[in-house]
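Now that you have both chains on their own, put them together as the hints suggest.
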Amino acid sequence: MPQFGFSISKPRAINLDTNDQVPAERLLQEVPELKTCIACGGCTATCTAGNLTDFNFRKMHTLVRRGEYREVYEQMDKCMLCGKCRLVCPRGINTRAVVIKIKRVLGDY
Amino acid sequence: MAYYDSFVIPFLAGTVFMFAVIAWKWCRWIWLLPSEDKRAISKGVFTSATPKAVWEVISESLLHRKIFRVNPLLGYMHMSLAFGWFLLIVVGWIEAAVELGAGTPLHAHVFFRYFDPGAHAGGNPFATVMDLLLLMVLSGVVLAWFKRVRSRAMGMKRTTRHVLVDRVALTALWFVFPLRLAAESFMAAIKHNGGFLTGGLGDLIAAHMDPAVIAGVNSVLWWLYSFALGTFFVAMPFSRYMHIFTEIPLIFLRRYKVRSGDHTKSFDNFQIQACSRCGICIDPCQLQRDLGIGDVQSVYFLRDRRYGRLSDKVLDNCLMCGRCEVKCPVGIELNTLRSNSRQERVDSPALTRYDYLKGTDRSSGSGRVGYFAGCMTLLTPVTLRSMERIFAAAGEDVWWADRDGASCCGRPLKLSGEVNAARRIMEYNKEQFAAHGISTLVTSCPICLKVFREDYALEGIEVLHHTEYILRLLEQGRIALNAGDTVYTYHDPCELGRGSGIYDEPRQILGMAGKLVEPEHSRSDAMCCGSSLANTVIDDGQQLRIGAAMTTELERTGAGCIVTACPLCKKAIVRNATLPVADISQIVAERLQVSGT
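Taken in sequence, the protein lines are chains F and Z. Those letters in the first sequence? Residues 1 to 109, per the working numbering, in order. Those letters in the second sequence? Residues 1 to 597, per the working numbering, in order.
In case anyone wonders, no lab produced these hints; they're calculated from the structure. A couple of the hints might just be wrong.
Straight line, CA to CA, 25 Å or less: simulated BS3-like cross-link-like pairs of lysine-lysine [claimed, not checked]:
id, chain 1, residue 1, chain 2, residue 2
1, Z, K313, Z, K327
2, Z, K358, F, K103
3, F, K103, Z, K313
4, Z, K257, Z, K25
5, Z, K313, F, K35
Bound-form chain Z, shown alone (with noise of 0.2 Å):
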């Protein structure tokens, strides 16, 4: 074979391993995909969705934009790898193509320095650009080596542990291409055929060792570089570097709008091995910030997820806040697959589980527009009494569905995985909504309004959070509110802000109200009041700190009440706030102008 030495064997050992276990996993995963998702796919493809994935692979898995606006120094680190790392690749086929003709085999266009004829007269600009581009690759290698050792200097308070495979994976990575360096200077001493860095270091080798040894370290530096590149590729596929080529497919599929679901499916793999293991999701965390758990966010979850060791603990212990998932760089469905994980834990048919609730409608009232307050807001009675008075300003008629003890909405059943029995109480829940006739849905509770939205799939009926509805009411001027001069802050509930994308409509009202100031965390990035059904693990005490520690920067702001839209956050701050707490309607009940004055 042409430009064949032995030292090539691990690179290409390892080549053909990762690919082929690449090309497994992808095959499977996409026959494995159900049938409308396979649909999804085939819709997509001749769309204008293909065009948008290339460039969004470009500039998400080559240029890692989203990284740079976590941290620029964390952003370049990743980019100079993988831009980096792909240019080097480009650039040294076009060389090899170039210099040594079409056709040659793989290794002669990774290992091109060696096995270059030589004899540029007047110096190789290629040289020159390969070392610029070795050079902007070893930068990040130097990065990577200093984000070990002082990682709040690039924006992260902590960095993920990493198991077995990865620290192998990443060990052969960060060899890779200081013995890429080493190999060619030395290859540049013996042929003169570097660029500006490599040529340099090889001129300065020729000028102080001896010709023999220069040979003999040579050959072994190429083969120590050849075995590191085939561990690496070895290891890629079972570690987090598998979403180097994951990432790809998983863009293209998302574009094609496909998502994962209630149940697990195959669609899943492509998120779950996506994942890179950045540790991104972890400072987000409260569990992490407020109480230590340093073991169970997404980027365990996932990983625990993928290696099929996954615990209850780990499982069952987040509080699906959302606040990883905004931040995620990769734009995994971190809550969807947690919701998945559960079902597939616990869920059975549960066909009549919920059959008692026939027959116990204690609804009253009647009107085309339906006022469900929700569990929570019926511990929260002032909440109910500020929504009767606004209702009644306005001159609405309002069928009331739970004033007096109805069903639940279904959805901390589904958060705790119990999807078919949720389903059941979703049910019976929709027969009473179109038994009454109602046109619009009104809400107090953000984790009702979430499940209305998403699982029930209501006909005709315009669901609203009872934020969005006031907002209504008073631009159409069926009511109206005297201004004060109180100032208020707002609290984000995390289903109605990250898990609904409300958040103009409170804060509208409240500027009607009075005057508003936000905490130093607000809107997407806002903090939970750690009450989230969604955790069924951590005890009274620490939903307690989780609560504190999120009341203490709303009441830094100044403000002279605290305000938020969902009955269970007020609970959470009313336990540890110094200032009064109110919901938003009871602002609005407060100020609301008495006609004729």
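For reference, chain F alone in the conformation it holds in the complex (with noise of 0.2 Å):
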């Protein structure tokens, strides 16, 4: 099959209610910016680590908010902190805040 460089997720669901919520919602409080992100993906679009890998900072912190975090540390890692997509952010959201809060909300510090 050819590869055209994209692919369809597989479909699945989402339980907000069994999902923990908790730090989630801390992130949202230290950075409340967050909530008028409108999943452009002009971060994602821009991003160094993205560019070279299969990183995906929308899909990072679209799973954050929902409460999903399997494997979004080991992402997040990928992140060299470059701060490209805080220049292209429409909403101006303060993506490397973003970056450095999902991490420590998921365990750095």
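Next comes the structure, spelled out in structure tokens:
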């Protein structure tokens, strides 16, 4: 099959009632402007690490906000904090703080 | 004991306590120094560094010359207290040695007027000198009071808010000299041993008061004076006044080339406790000036770190623009200390973290010159295009390190404290540079420049910012510019100017292209654009306000075009400017002389 560089996500169910929302709420407390994210994906399109790997920042912070944390920390470790995403974000979200806070609420310190 | 009176006990107890604490601190800090620092000290002691350090102690710890440059009145205040008090001690010691003979106890020197045997035929020249010195110190105390009320008159818009122990020490210090004046004047009323000041006041007191009252007040005053001194000495090692003694070893260690680094170490203590909390770092801070954030400045950061109560809010909320560092009269490495505090908090070994970088080489071209645009330059493609044109015009063969995407330089991670992780990225980039056999590395991003120069240790590769490289091409005649009559103003990026000391190269290039006008704050005093990667706390609106204030200043110059040499600064200025904004490479590319014309 030809590879076009994209794929379709597998169907799955998200149970917001059973997911642990505490880290997600802490993240939104620390960076409230993340609530204004329109999921445009500009951050991911410009991402230095995303250009070299499958790292997808939009996916990661969306997962965290849903209370799904599996592999997020390991993925976030790919970020180099260069800050391009912050410059392109149309909502002016402090994306570098989002990166740092996600790692912090998921266990850095 | 000779020359003893029970009122000296508070003074003696305070003195013994103070010196014991200081000796304990110093010995501990020096003992804990890493061995390379100890080697640096032993190497430096018998060199010219030592006499230079002695001179620096005189000119900074006593005369406070750097503070005179901030404001003459402020300088005089610090000098009169430091140098005046120092002379009071020295001259007092000489006088006591002359009058009482050598070997008299310490308190007999300090409270000499009390123990003075008297009978100075034809007046005492020492008393005149001592009164003059006391007057000098008192004038400093008056200025210190005045500064509390009207700091602006002394060149400071804002002053430090002090903690309790500082207030106790400060109050005691304010009382020490007026009490000394009062005690010596009453003593002069009894013994007639004063100079023009204490003697004059003493005569007045003797003429208007009952001798029994004078004697009573006199003994109370000496007690109070001794108590004020004792209180100050006990509070001193735990307060900001620890700087008085700490700045001296700091100057020597600095002269022996001991520096703070990426990781916290014992030497940091000398820097942290040498901070006098004078507050000169507060006014230059744009977080204070433009955003009204008043509790994160270097003085508060050092204070909180010293007392072990540093919060993330204080630690992270700093642009690390370095405006305070160049103003610090003690020369403390403020950015380095903040960086290594961040490192200590967050850093993890990160052994495999950036292994994914291996095999992602997308570089193109080949040549002895490598060009590393940097992440931010990739977001300002006009800079990249301009550099392509300049390289082509100069006929340079270029290895394009990251035109099609590549790793970050590592500095943003380092600024956030993740030094080990940044090190992984640096190692990868170093391998890349070596593998492609370049001898010159040109970058358009001052953030990359700084980390390449300071952390990469690139042997055999010269690292240049594109301003330096372009100027070199111009000087070698490999490219030439069509001069025009456009008026430019230049914004010094923090990482390029204060960070890497590059001020003249961009100005020389602009001088060849047109006319240059300077903004109100330029060179080492230049404003930060507010987008600094070192700050992860302020939001977009706050960045915008800092950028707007700084852009307004650039537009006030009346220039027709704002030029800078950092992609991040450029983005910040563009958001606020009404004038055209350009990277310096853009100006050069536009004005390149095509050969044959």
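Now the hints, each set against the structure:
1. Z/K313 x Z/K327: holds, 23 Å
2. Z/K358 x F/K103: The given pair, whose Cα atoms are some 24 Å apart, holds under the 25 Å limit.
3. F/K103 x Z/K313: holds, 17 Å
4. Z/K257 x Z/K25: Within the cut-off at roughly 21 Å; holds.
5. Z/K313 x F/K35: Between Z/K313 and F/K35 the Cα gap is close to 21 Å, so the pair holds against 25 Å.
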